[in-house]
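Taken in order, these protein sequences are the chains called A and B.
Quick note, this note's numbering runs 8 ahead of the 1-based positions in the first sequence.
Quick note, this note's numbering runs 4 ahead of the 1-based positions in the second sequence.
Be aware that a few hints might be false.
Said to hold, decoys possible - List of simulated lysine-lysine pairs, DSSO-like, C-alpha gap at most 30 Å: (1) A:Lys79 with A:Lys17; (2) A:Lys65 with B:Lys60; (3) B:Lys105 with A:Lys79.
Source of the hints: derived by calculation from the structure; they are not laboratory data.
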Amino acid sequence: NAGVTQTPKFQVLKTGQSMTLQCAQDMNHNSMYWYRQDPGMGLRLIYYSASEGTTDKGEVPNGYNVSRLNKREFSLRLESAAPSQTSVYFCASSETELGSGNTIYFGEGSWLTVV
Amino acid sequence: QKEVEQNSGPLSVPEGAIASLNCTYSDRGSQSFFWYRQYSGKSPELIMFIYSNGDKEDGRFTAQLNKASQYVSLLIRDSQPSDSATYLCAVRPNSGGSNYKLTFGKGTLLTVNP
């Protein structure tokens with residue numbers, strides 16, 4: 009059981025380049041998330057998708073776009089990468105809304121460096 | 005701005021001791037509380053969740069919640085070197101569009117010395 013799978017695991021971009029982080033989950037979860045984690049800042053929510061066909065902004069959405077391709081897949085796109093987007097990105101999923109026994113399960117992370 | 009505060013540490017305890025990790029939160033209406041463990045270079049993994057005031061035990065781990073004081077803690081009994089990690093407190097704020105949002109603390113680094 010793979011859980012939440014992210015690709016790529018490591019990526020170096022030049023400022024201004026674009027790229028897409030891919031995420032897929034095999035737990036039949038309805039909700040998916042993208043977080044970034046920076047030293048001293050903790051985990052911050054970028055975007056989430058409560059269910060297939062919906063996406064909503066989180067705490068730090070600027071500079072990112074997302075696509076919920078189907079129930080399994082949720083991608084994160086950087087249209088014009090900036091050094092401030094150097095971070096570790098985690099995709100996550102949950103069965104449904106958080107609480108009442110439901111919580112999020114994280115992928116292994118994608119290390120992105122923008123030079 | 006809803007906040008979750010944790011002492012960044014490092015918290016250093018000897019093997020076999022009890023490690024006590026603390027977390028305070030600002031949103032008084034918060035309902036759900038989670039503890040995650042994160043090893044260096046790895047993703048966070050869920051240890052425990054708690055919703056009701058009081059204690060919840062799972063093996064060597066005990067979560068404690070006091071909503072009146074807006075305080076949640078994690079106790080690790082018989083600490084092992086393999087418990088050395090960063091522990092993240094996460095809070096689901098009050099409802100009203102927040103059913104899918106967890107606010108994370110910055111984490112406490114725990115080191116268990118053999």
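Hints and how they fare:
1. A distance of roughly 22 Å separates the Cα atoms of Lys79 of chain A and Lys17 of chain A; the hinted pair therefore holds under the 30 Å criterion.
2. As the CA atoms of Lys65 of chain A and Lys60 of chain B are separated by approximately 33 Å, the hinted pair breaks the 30 Å bound.
3. Among the hinted pairs, Lys105 of chain B with Lys79 of chain A is consistent with the structure: their alpha-carbon atoms are about 19 Å apart, no more than 30 Å.
Hint violations for this structure: number 2 only, all remaining hints satisfied.
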